[in-house]
Amino acid sequence: MTTVLEAKHINKYFKKPVMFHVLKDINFQVKKGEFASIMGKSGCGKSTLLYILSTMDTDYEGELYLDNKLISGSDSEHLSYMRNKHIGFVFQFHYLLSEFTILENVMLPAKKLGEKSYQEIEHDAMDKLKMLNIEHLAKKQASRVSGGEKQRVAIARALINNPSIIMGDEPTGNLDSHNAENVFNIFKRLSEEEDLSLLIVTHDEDFANKTDRIIQMEDGKILL
Amino acid sequence: MVNWNIILSIAKTHLLTKIKQTAIAALGVTFGIGSYITLVCFMTGLNTMLDNLVLNQTPHIHIYNEIEPSEKQPISLYDNLKESFNVVHSIKPKLSQKKIHNGLPIIKFLEKDDAVRGALPQVKTQIFYMAGSIELAGNLTGINPLSEVELFNLGDYIVEGSAEALHNTDNSILLGIGIAKKMALKVGDRVQVSPIKGGIFPLKIVGFYQSGIADLDAVQSFSNIKTVQRILGEANNYITDINVKLYDIENALPLAQKIEQQFDLKAIDIKTANAQFETGTDIRNLITYAVSITLLIVAGFGIYNILNMLIYEKMNDIAILKAIGFSGKDVQLIFMSQAMIIGFVGGVLGLLIGYGLSSLIATVPFETEAIPTVKTYPINIQPSFFIIGFSFAMLSTFLAGYLPSKKAKKIDPVKIIRGL
Chain U
1 MTTVLEAKHI NKYFKKPVMF HVLKDINFQV KKGEFASIMG KSGCGKSTLL YILSTMDTDY
61 EGELYLDNKL ISGSDSEHLS YMRNKHIGFV FQFHYLLSEF TILENVMLPA KKLGEKSYQE
121 IEHDAMDKLK MLNIEHLAKK QASRVSGGEK QRVAIARALI NNPSIIMGDE PTGNLDSHNA
181 ENVFNIFKRL SEEEDLSLLI VTHDEDFANK TDRIIQMEDG KILL
Chain V
1 MVNWNIILSI AKTHLLTKIK QTAIAALGVT FGIGSYITLV CFMTGLNTML DNLVLNQTPH
61 IHIYNEIEPS EKQPISLYDN LKESFNVVHS IKPKLSQKKI HNGLPIIKFL EKDDAVRGAL
121 PQVKTQIFYM AGSIELAGNL TGINPLSEVE LFNLGDYIVE GSAEALHNTD NSILLGIGIA
181 KKMALKVGDR VQVSPIKGGI FPLKIVGFYQ SGIADLDAVQ SFSNIKTVQR ILGEANNYIT
241 DINVKLYDIE NALPLAQKIE QQFDLKAIDI KTANAQFETG TDIRNLITYA VSITLLIVAG
301 FGIYNILNML IYEKMNDIAI LKAIGFSGKD VQLIFMSQAM IIGFVGGVLG LLIGYGLSSL
361 IATVPFETEA IPTVKTYPIN IQPSFFIIGF SFAMLSTFLA GYLPSKKAKK IDPVKIIRGL
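Sequence lines, in order, name chains U and V. Residue 1 is where the first sequence starts when you use the UniProt record's numbering, and the numbers rise one by one after that. Residue 1 is where the second sequence starts when you use the UniProt record's numbering, and the numbers rise one by one after that.
It should be emphasised that the hints constitute simulated quantities derived from the structure, not laboratory data. Do not take every clue at face value.
[Unchecked claim] Derived DEER-like restraints, expressed as beta-carbon distance ranges:
hint, chain 1, residue 1, chain 2, residue 2, range
1, U, LYS140, V, LEU403, 48 to 58 Å
2, U, ASP195, V, LYS20, 44 to 54 Å
3, U, HIS78, V, TYR402, 18 to 28 Å
4, V, TYR402, U, LYS41, 14 to 24 Å
5, V, LYS410, U, ARG213, 52 to 62 Å
Just so it is clear, CB atoms sit at the ideal spot from N, CA and C, and this is done for glycine as well.
Isolated chain V, as found in the complex:
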């Protein structure tokens, strides 16, 4: 039978008479947990921001016609040479169209799929921006502006003007900010573009686009899909790319494989296209946890040390407690509860400090050209971090308390009493 009242009251008396040591041990835990919470909130906040930087504007599946050599050369279809070893030199890519065949029906088909949030057509083409006699090479992408804003957060990257203006104005262009700077253009001006096949089309500038990647901003512009089709002299079923957004990113790979097989098109899923981002996120998480665990282990050793010393100091008390009828288990519980009290108090303080620090960091201004929407440092405060942190605190103090208390349990009172 365990009498918790008496065990806790002895534990409390021990802790309070050694208040300095108790405080130091608890502060070790506080420091460990506090920095874990701060680190993990800050790091995951940054991770989410960096991932969003890429993921928000990247389609989950990108479908297009790849220019590549045929997998089977005609010679391998010729039955008479089936058994022989054929070598073909200087294979050239197959002549095919850039356009996706039956693009619009494919989009309709994809949008019926339950996993798909939306499938948007695009027309990509190379053009020249004309500035007097100078021609600047660039890319023009025809889009449905309003749908792009909804699914791929295009709005976040329009620094002047708006997607609505692009949608409503005929022969309009959303110009990359780099081009605008080079050509000294402002919203409302006209810019002349020329497709590779020739001809000159004046387009009205309705806004500027800034992705944060300077090289991209110096070439990329957007226009309505119809405008681009007109510039290229193509029909309105001319589509070069389909961007698919899913509800769950995990479905991207299987769906991409299915599309490739079904339509004989190239379909790249986001994870294949951005494998390096996943790696970066994983490594940052790894560092966060490694640092936090190190801090907690250090705190745990502090507790271990202090309890060990306490038990040496209290040898006589332990012997006397055993002599007057406390069992080894009772004595162990006394010291375990001291460790757990230190862990609990230190852990709760650590959570509060971690929360305070994270909230403080979240108010520090952080402005960067790369992400126009971010104004302060990104902090990701989640209840699960606090639960993990608290469990960590209790677990490490439990382990740190277990060994010394086990020793206290085994102390032979006769040896202590007779040894004096």
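Pulled out of the complex, with its shape left as it was, chain U reads as follows:
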């Protein structure tokens, strides 16, 4: 099994208001097709770790490998490109661009990548929407759909560039149990059918227990 994401000796400090060692020597791997969740109490550093893994936070020590390539220390242009092409993101709050339609929201990362023609991108986007059973929303304004639907749109957007890994920061935290169940099933299916790696930060123990692997964190360390 190939490794998709690998963290080696990651340390991070918050310098303000006082020096604080948030992450202490984090080492772990995510394999291809693995559905992993990160659990831990509030303030244990799990979100901080996720944002480092997502390449958005560059202020850390240690090495980060994506598809076995070292990406720590790259310039921000390159990191943006890596994020665009290889990482899909789903947040607790759905974060769609409210002035654009659902379809445009889903197409945005692919347009940025610019590897396909407009027609191909549109076709791909419709495919993703169909897969998540929300193709009827395509032409709707993003501000006019419900929370559960928005989260599915966000997943479709995360999938549009066929990334190596999907990261989620409490993607079900803001949803009712029905929608949370729904989102989990989608993740599960992606992992099993599409062989996609997933790394999800969550508080929800039921959610975590159903994943392939739980990474338990406490006080900035991974408990084995």
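Please build the complex by placing chain V on the supplied structure of chain U, with the hints as guidance.
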């Protein structure tokens, strides 16, 4: 790699969903540029008119014999007193002739110069206009009427009659309109003039002259150079003044200095003689630009403000764009292009409005006694004003957009996403 399609489409969506704010920002630019164009066309039009009022009838170099004291008094030539400190009281001007010595050869010499468009002789003298027992003091200038029309626009200031009539009629006079009013004379009448030395000469009035300066019109008349020479009893090489017109006004000062040295005459160039006009023009230009720049700066602050607000409203969008792979530079370009679109649309509208207003002003009647040739407000529409105005619009919106977009570039997506 910058993907302009997507950046412009996001910028466009932002602008269109906030169409009111966009319109207000663009109108700020429109107003600034429009008033700049109108102001500058109107002001330079007025400037040109005022300058022409003076410059058209003023020679570029005026050559004459100045009555002045000798620079070196005889005592300073006396060797025995060379080392001593000499004081001479009550120095009187040197007795010299008014006539320019060798006037005609000098004119020929000047006309050979490549920089010179023409050199015209004049004979100036004081006379009295006789009306019964009343004598009115005045000036009579002998001229070559046709050449004066060609080089110094004399024709613009003849309100009745013509320069041709003056040229063709012997013993004729072009009378100042002020004198004509005082003496109740009309074209075709005769007026008697008397030179200072005595004698009476009847001259036929062939036209009236109006410069727009009332004091001048009450004394000044023109006649043929030969007629004046005859009145004065002088030969036909008697010339008191030479007026030189150049192709390029900038050559006036050096040429005047050269003439002074070469011929030992007084030669005044136009810039020295009319320094105050240059100052006036400069100050009017300064005011025009100061007002326009102020307007554009105000418009620029409007854009700055609106973009700043937009960026605060769009914090989440910016964070999400960065999270899905847009770089800081892409985000900056999105907001910069919004500023530039506002500047472009506002600027083009401003140019159109400025052009419209200027054209409108150019049709408003403006009649003044001072300048008989002007019928409507003078407007000077030049392509360079439009180029400057447009560059101004783009520059000010660029600056106004740069700071907020720089801020958008630096926004840390993690802080925004986690902050919620």
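Here is how each hint holds up against the structure:
1. LYS140(U) with LEU403(V): 48 to 58 Å: violated, 36 Å
2. ASP195(U) with LYS20(V): 44 to 54 Å: Given a distance of about 50 Å, which is inside 44 to 54 Å, the answer is holds.
3. HIS78(U) with TYR402(V): 18 to 28 Å: holds, 25 Å
4. TYR402(V) with LYS41(U): 14 to 24 Å: Given a distance of about 44 Å, which is not inside 14 to 24 Å, the answer is violated.
5. LYS410(V) with ARG213(U): 52 to 62 Å: violated, 37 Å
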